[in-house]
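Every number in my numbering is 213 more than the matching position in the sequence shown, counting from 1.
Simulated from the structure, these hints should not be mistaken for laboratory data.
Each hint should be verified, as a subset may be incorrect.
Think about it this way: if two alpha-carbon atoms lie no more than 30 angstroms apart in a straight line, the pair counts; the simulated BS3-like pairs of lysine-lysine are [claimed, not checked]:
id, residue 1, residue 2
1, K334, K346
2, K291, K327
3, K287, K262
4, K285, K274
5, K248, K346
6, K268, K392
7, K377, K262
8, K320, K248
9, K308, K298
10, K377, K291
11, K311, K334
12, K318, K270
13, K285, K298
14, K248, K334
15, K248, K262
Note that the structure is predicted; figures quoted are calculated from it, not measured.
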Amino acid sequence: MSNQLKESKMKLRLFISLILAISLFALPALAADAKIAYIDLQRALNECKAGKTAKDKITTKYKQLEGQFAAKQKELKKLKDELEKQGSVLSADAKTEKERQYQQKVKDFQRFAKDARDTLKQQETDFSRDLIKELVLMARDMGSQGNYTLILEKNEGSIIYGAKEVDLTEQLIRRHDQKK
């Protein structure tokens, strides 16, 4: 029985070796038919017209909020200066009231700054998510129309080297800009 077991194991090893040898010769033939490309989604996001427009809108909103921020900061400084100048002249109750008003303004200012940051961040996130979704769908269409076997994303860390000839980013940007 042990001879039969040894013989079976030997045949199995021979069979597996044969399959591996055939696979090694078949892989280059399959790879020759493979059509692979990559896309830099971050670059496409930043360089397509919709991306530039959104970035401009967010920058404009940021500058607008920055102006409001500066005005509120100036108002706080003025209130603090008044409190320091009049502190010795004011009654204890009046001084306490002015300090309470100042502290309330500081809290309002901090809340405004946090809300403004959160709003800008959310707008940027929403825009990026929606545009990336569009770009990925468009890249899939390019892949099926161009008979690509595989299209990779450049910034996901899976591409160590990619020749310019297989970079479809520029084509994706043009296609997206023409769509709009």
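So, going through the hints one by one against the coordinates:
For the hint pairing K334 with K346, the CA-to-CA distance comes to about 18 angstroms; that is within 30 angstroms, so the pair holds. For the given pair, K291 sits about 22 angstroms from K327 by alpha-carbon distance, which is consistent with the 30 angstroms threshold. Our distance criterion of 30 angstroms between C-alpha atoms is broken by K287 and K262, whose separation comes to about 37 angstroms. The straight-line distance between the Cα atoms of K285 and K274 is roughly 17 angstroms, inside the 30 angstroms bound, and the hint therefore holds.
A C-alpha spacing of about 23 angstroms is found between K248 and K346, which places the hinted pair at or below 30 angstroms, so the restraint holds. The straight-line distance between the Cα atoms of K268 and K392 is roughly 19 angstroms, inside the 30 angstroms bound, and the hint therefore holds. Proposed proximity of K377 and K262 is supported: the alpha carbons are some 22 angstroms apart, at most 30 angstroms. Taken as a hint, the K320 and K248 pair is broken in the structure, with Cα atoms around 59 angstroms apart against an allowance of 30 angstroms.
With a CA separation close to 11 angstroms, the supplied pair K308 and K298 stays within the 30 angstroms bound. Restraint check for K377 and K291: the C-alpha separation of about 58 angstroms exceeds 30 angstroms, so the hint is violated. Note on K311 and K334: the hinted pairing is violated, with a Cα-Cα distance of about 35 angstroms set against a maximum of 30 angstroms. The hinted pair formed by K318 and K270 meets the criterion: a straight-line CA distance of about 29 angstroms does not exceed 30 angstroms.
For the proposed pair K285 and K298, the alpha carbon gap of about 20 angstroms is at most 30 angstroms, so the pair holds. For the hint linking K248 to K334, the alpha-carbon distance of about 38 angstroms lies beyond 30 angstroms, and the restraint is violated. About 29 angstroms separates the Cα atoms of K248 and K262, which keeps this hinted pair within 30 angstroms; it holds.
Checked against the numbered hints given earlier, this structure breaks hints 3, 8, 10, 11, 14; the rest are met.
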